[in-house]
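**Student:** Read off the chains here:
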Amino acid sequence: MRVWIAAAATLLVPAVVAGQGRGKWFGMNWSMAAPIEHTKDFTNDYSFRGMGLEWRQFSGNKSFGFNAGWNVLNEEKSGTQTFQQAAINGDQFRYNNTVSLLLSAHVYGGGGSGKARPYLGLKAGTYFISRRVDVGLWQITDENWHWGVAPEFGFSVPMRGGFQSEAFYAQVRYNYAFSAGDAPYQSWFGIDVGFAVRK
Amino acid sequence: MLMQRVGLRFCVGMLVGALAAGCYPGGIETVSQTDLVATFFQKGVDFTANKTFDMPDSIVDIGVAAGASSTLNHKYDTQILAKIQAGLVALGYTRVDATATRPDVIVVVSGITVDNYSAWVGYPWWGYWGWWGGWPAGYGAGSTWYYPWSPVVVTGYTSGSLFINMIDPDLATPQPNQAFSIWAAAINGMLEGTDAEILARINTNIDQVFAQSPYLRTQ
Numbered sequence: 085m086r087v088w089i090a091a092a093a094t095l096l097v098p099a100v101v102a103g104q105g106r107g108k109w110f111g112m113n114w115s116m117a118a119p120i121e122h123t124k125d126f127t128n129d130y131s132f133r134g135m136g137l138e139w140r141q142f143s144g145n146k147s148f149g150f151n152a153g154w155n156v157l158n159e160e161k162s163g164t165q166t167f168q169q170a171a172i173n174g175d176q177f178r179y180n181n182t183v184s185l186l187l188s189a190h191v192y193g194g195g196g197s198g199k200a201r202p203y204l205g206l207k208a209g210t211y212f213i214s215r216r217v218d219v220g221l222w223q224i225t226d227e228n229w230h231w232g233v234a235p236e237f238g239f240s241v242p243m244r245g246g247f248q249s250e251a252f253y254a255q256v257r258y259n260y261a262f263s264a265g266d267a268p269y270q271s272w273f274g275i276d277v278g279f280a281v282r283k
Numbered sequence: 071m072l073m074q075r076v077g078l079r080f081c082v083g084m085l086v087g088a089l090a091a092g093c094y095p096g097g098i099e100t101v102s103q104t105d106l107v108a109t110f111f112q113k114g115v116d117f118t119a120n121k122t123f124d125m126p127d128s129i130v131d132i133g134v135a136a137g138a139s140s141t142l143n144h145k146y147d148t149q150i151l152a153k154i155q156a157g158l159v160a161l162g163y164t165r166v167d168a169t170a171t172r173p174d175v176i177v178v179v180s181g182i183t184v185d186n187y188s189a190w191v192g193y194p195w196w197g198y199w200g201w202w203g204g205w206p207a208g209y210g211a212g213s214t215w216y217y218p219w220s221p222v223v224v225t226g227y228t229s230g231s232l233f234i235n236m237i238d239p240d241l242a243t244p245q246p247n248q249a250f251s252i253w254a255a256a257i258n259g260m261l262e263g264t265d266a267e268i269l270a271r272i273n274t275n276i277d278q279v280f281a282q283s284p285y286l287r288t289q
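Same order as they appear, the protein sequences are chains A and B. One gets the numbering used here by counting positions in the first sequence from 1 and adding 84 to each. One gets the numbering used here by counting positions in the second sequence from 1 and adding 70 to each.
Looking at chain B on its own, in the form it has when it is part of the complex (with noise of 0.2 Å):
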């Protein structure tokens, strides 16, 4: 009888335990669970009122001048660009050329592949689009960025990460000196598979980049 009852609270135990230690939840799974896009915008603003853009065709690595290295793999910058593009003229936007047209908004489109970076900050750009000619009179040297929404968000990136940028040359800033930014975007993941892989995810999150910002429309 002391063996079965032994034997019986044994079994017992292990029906009790497998029960719950059985299925202990899971978490990512794929690469593509580790994509998140974020997007800003400043509350108040009338996008309507803004048709035209220009954007400088490059994507500047900001991890470098942020004080780490960087990897930031140009080969896809132009099927990017155009892509981010397309999402602009969707929603109603006019690309101009800024050298003969002043438009409403400039679109300026950084990268970077380091860990923990935090994007809002108000580094100088100039260094990095400051060669781009369509830049209204009042920015130089020392320019630097102004977020609305900093520092509420305060953002921590890990592996790969797209930053979109909406200037609007025509609204003040607290400072001078400094670019409006008016909406933002920001995509991060892991970089892992094959660059045809990574493209078609950065593809997918910039559709829903626009997705979420439903408010960009011009009309």
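So here's chain A without its partners, still in its complex pose (with noise of 0.2 Å):
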């Protein structure tokens, strides 16, 4: 289902940059995730599940946009864990589910027509983390909302020939996202690998 959703949503690329004239930029990325710190404490396995939607605004060689994203990370494990008056010991399932809603601004380097194109940018805005975690028969939760913050840099590659609109863009995202509630801050890696629209 979510390969069908994601195959509508580049086919309805050409509409939204349409209605919204030159100068837009519209991006459909594969990211995954490498956890570090607390996040790593949690689901120490690197992640290959994630995608993220960009979207663009260009005013010289800078841009401000939007960019919603979603990563799980999953990590499996068995032992017993200690605390003060008890033991426990059984298989765990850890799920940490991000979803990610972040203001961008990019500035971008040289790069003639057709040649890749370096950007260095930032993200702020929030965070819904989910973690979970299941041990024997029982489920525990934590969500909650973060504020945080991403600086990243990548490059974008036009292609050639008749699709001078389209290009292939690869971006490393640091994501730290401030302690809230119950849980500290988490900090991961982004690695996108993507494709993206530009009128």
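Read the hints as simulated data drawn from the structure, not as lab findings. As the structure is a computational prediction, the values presented were derived from the model and not from experiment. There may be inaccurate statements among the hints.
Pair by pair, the computed Cβ-Cβ distance ranges are [as the list claims (entries may be wrong)]:
#1 A:A200 <-> B:T100: 45 to 51 Å
#2 B:A152 <-> A:I224: 32 to 38 Å
#3 B:A242 <-> A:H122: 40 to 46 Å
Here are some chain B residues the structure puts well away from chain A; computed CB gaps all over 12 Å [stated by the list, open to error]:
#4 N120
#5 T164
#6 Q245
#7 N247
#8 E267
Just so you have them, the derived chain B footprint on chain A, three or more residues with Cβ under 8 Å [to be verified]:
#9 158 to 169
#10 172 to 181
Using N, Cα and C, we set each Cβ at its ideal position, and we do this for glycine too.
Since each chain sits alone in its own frame, please combine them into the complex, following the hints.
**Tutor:** In structure tokens form, the structure reads like this:
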């Protein structure tokens, strides 16, 4: 189902872009995640599950825009956890579901027509982070909205031939979500590989 | 060119969607993965001071008294109790006949097969084990449990659970007419599979109970 939704979303791109005039940029990416610090303590494994949607409005060599992303991290582990007066043994299934809603600003480097163009950016906004542990027949869930910031760098490579409006892009982002509720701050590197349309 | 562009974007969308959703993380796949072994102990207790124990020779079904129905299968009570006794003996304890010799600790075993039951509540237990001749003076009808870790640990259980409780009759409790639990274990899991498979899992989990309670050693 998600596959068909993603495919339908890309078909809508021309209409969205045409309605907004030139200088608009719309991207869709496959998003991977490498957890660090508290996030790695909870779910250690590198994640290949995630996707993102991005819109940017250009002005010269700068742009501002909006980004929506989704990453799923998980880890399976077994063993004994000890507490002050207790110890619990069982298989644990840990999940970290993160949805990010971020405003963005980017500045672009050189790169002539048809050449790769590097960029630096900063994103800021909110992260909804749901952390869940399934152990035995129990389930413990912790859900919080976090404020966060995410500096990133990347580059886009325009396609050739008749596809002047299309480009591939890749970017690496350091996500930092401030502590919220009972959850400590969360951090991970996002690695995106995407496809963009510009008008 | 328009059709090519539409085709390209559709393919990219399919690819991104497939990569993002293609391998959503899995979860519990086997019944044994639902097994959970929890142990609790009272801090400050010198377990090495206890050398002897005795235990009633039955597993009590505590579900009915808790207000729920229960279908606890007593078919393997003997094997389960023998397994627990063997675990205690391996830790250095000696079983004595409480009707003749006062043991240092008393071990009682209970079980339940209903959902959402909190094990660590101070329900009267005399009705279950009161018939046993090993209780020291002071216990009687209306006696309840004293769990030092409660209510810190609130335990809800689903499906099958087995509880092992170690009582020290020499320790004073906050209220009169209570039995001081210095150590307890809970084994919880789904009751699926053949009786033999369930018994094998119970045996494995009883081994785990003692493996994660090394402080129980008598020396």
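**Student:** Quick check for students: does the CB of E267 (chain B) sit more than 12 Å from each CB in chain A?
**Tutor:** Its Cβ never comes within 12 Å of chain A, the nearest being 17 Å, so this holds.
**Student:** Just want to verify: N120 (chain B) was marked as not at the interface with chain A; is every Cβ pair farther apart than 12 Å?
**Tutor:** holds, 18 Å
**Student:** Does Q245 (chain B) sit more than 12 Å from chain A, CB to CB?
**Tutor:** holds, 20 Å
**Student:** Quick check on a hinted range of 45 to 51 Å for A200 (chain A) and T100 (chain B), using CB atoms only.
**Tutor:** The hint (45 to 51 Å, Cβ to Cβ) holds, given that A200 (chain A) and T100 (chain B) are roughly 49 Å apart.
**Student:** Can the region 172 to 181 of chain A be counted as covered by chain B under the rule of three residues or more with Cβ-Cβ separation shorter than 8 Å?
**Tutor:** holds (count 6)
**Student:** Checking a non-interface call: every C-beta of chain A should be farther than 12 Å from the C-beta of N247 (chain B). Is that right?
**Tutor:** Consistent with the label, N247 (chain B) stays out of reach of chain A, its closest Cβ about 24 Å off (over 12 Å).
**Student:** Is the claim that T164 (chain B) lies outside the interface with chain A correct, judged by CB distances over 12 Å?
**Tutor:** T164 (chain B) is indeed farther than 12 Å from all Cβ atoms of chain A, at 25 Å.
**Student:** So the hint says 40 to 46 Å: do the beta-carbon atoms of A242 (chain B) and H122 (chain A) match that?
**Tutor:** holds, 43 Å
**Student:** How does the region 158 to 169 of chain A fare against chain B when you require at least three residues with a CB closer than 8 Å, holds or violated?
**Tutor:** holds (count 5)
**Student:** Does the Cβ pair A152 (chain B), I224 (chain A) satisfy 32 to 38 Å?
**Tutor:** Distance hint for A152 (chain B), I224 (chain A) holds at roughly 35 Å.
Hint violations for this structure: none, all hints satisfied.
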